[in-house]
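*Asks:* What follows is each chain in one-letter form.
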Amino acid sequence: MSEVTPRETQTGSAFAHASEAEFSRILDFYQVTWEYEPQVFPILWDLDGNVLESFAPDFFLPDLDLFVELTTLQQRLVRKKNRKVRRLRELYPNLRIKLFYARDFRALMLKYGRSALVSELSGTLGQVGPRQNQESVSDDTAGTGHAGAARPLDLSTAPAGATLDAGAHDRRSRGARRRAVRRAAAAYAPNSTAP
Amino acid sequence: MKHSQDLNEDVAEVLLSEDQIRVKVIELGKRISADYAGRELTLVSVLKGSLPFMADLMRQIELPLRIDLMEVSSYGGTSTESSGLVRILKDLSAPIDGRDVLLVEDIIDTGLTLNYLLRYLKGKKPNSIKVCALLDKPARRLVEIPIDYVGFEIPDAFVVGYGLDFGEVYRNLRFVGVLRPEAYES
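Just so you know, the protein sequences line up as chains A and B, in that order.
Under my numbering, residues 997 to 1191 are what the first sequence spells out, in order.
Under my numbering, residues 96 to 281 are what the second sequence spells out, in order.
Everything labelled a hint here was simulated from the structure, so no lab data went into it.
All of these numbers come straight from a predicted model, not from anything done at the bench.
From the three backbone atoms N, C-alpha and C, an ideal C-beta is built for every residue, glycine too.
Accuracy of the hints is not assured; some may be wrong.
[Unchecked claim] These stretches of chain B come out as covered by chain A in the derived footprint (C-beta under 8 angstroms, 3 or more residues): (1) 135–147; (2) 150–162; (3) 199–213; (4) 237–248.
Make the full structure from the sequences, and use the hints.
*Replies:* Here's what the structure looks like:
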C-alpha cells in the first residue's frame, strides 16, 4: 500500500463539503462510529485491467456495516452519482450503501430544526471543495476516523485487493492488477464473507 | 417559523385520519395483548411525540402493565449549537431489569434515536425489549432496526399531528397530516 496522507478530522476543512461536516456531527451526536472515505472502490477498468474510474463513498459506519454517500446536488443533476452507486452495487453486491440525496439532507435538517442551514449547505454545484477530483482514481488520500483519530487508509474491512489506492495501483504489474481487480469484484460478492 | 392560527390551514393533506389511527391502535393493542399474554409489560414512551399514541395504546392493551417515560435531547433541538452528544433528559423512573419492555415511538425515520435508546435500555438488562412505532418512514432509514409493531408505513413527507410537531407546534392535531412547505419554508 502506498503511503497516504491522513486527513484532518472534525474540522470543516477536513470534508469535501459542509454538508458532510454537518452529517458527521449528527453521527457524533448519536454516538454512531464513522470513518470518512476509508475505501476507494474501482468501478471501471480498461482491457488491461487499469482502473479508469473509482468511487469513494463519503462515510462508512462500521457498527452498521453501511456506506453512506451524501449529495447536495439538485435532484435532476444526480444522474452521474446514481450511475456510480448502481455500478458499485452491481460489482459489490454484498456492500450496503445508502445514497443520501439533497432532499434527504433537507428533511434531516428540517427535522432537527436547522432548516436555515439548508440553503447554506446545498448547491447546484454539489460537492466541490478542496478536493475537486475526489471521485477520480487519482484521489489517493483517504482515511480519517471518528473522534479526531486520523489514521491511514484502512483496508481491514475488506479482503486484500477489494479496494485500491492509486499509489498501490501504479506500482503493480499488469497481472497483479488483474488479480487485484478480480479480488475486488469478489470481495463483496454474494458468497463472500467480507462485509 | 410562522404557523396559522387555525393549524388545519397549514396541513396540505390528511395522511391518516383520526378514525384510521383509532382502528390501528386497537389492532396493535390486540396483537400486543396476545403476544404478551400471561406476562407483565412495561411500556416506555419517548417524549414528547409519542405521548398521544402511548395514551391511546395503553388503554387497548389488556394486560397488567407499567408505564414509564423517557426524553432524549435531539440534535440541534435546544440551541443552534451543533456539537455535543445525545443526552438523556429524563430517565426511567423505575428499574427494568428482568422485565419485558415495549418501547413506544411515534415515528421511526433515520433510526438514529431509536438505535441510541435501544443500546441504552439494553444496558439496563430487561428480560426482553421490543419496539412499537405508530409510523415508519423507511425511505429515510440509516440504521436498520427491526420494528416489532408498526402502525403505518408512510411516504417520504414531513408529517405533523397526533404528537408529531414542527417547532413544538401541531402536536395536538387529531390526525397525521402533511405539512405545507410554506409552513416550514417561511
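*Asks:* All the hints need checking, so say for each whether the structure fits it.
*Replies:* Here is what the structure says about each hint:
Evaluation of the coverage hint for the region 135–147 of chain B: breached, as 0 residues show C-beta separations to chain A shorter than 8 angstroms, against a requirement of three. For a cut-off of 8 angstroms, the count of residues in the region 150–162 of chain B with a CB near a CB of chain A stands at 0, and the three-residue condition is violated. For the region 199–213 of chain B, the proposed coverage by chain A is satisfied: 6 residues have a C-beta within less than 8 angstroms of a C-beta in that chain, meeting the threshold of three. With 3 residues carrying a beta carbon less than 8 angstroms from a beta carbon of chain A, the region 237–248 of chain B meets the three-residue requirement, and the given coverage holds.
Hint compliance for this structure: hints 1, 2 are not met, and every other hint is.
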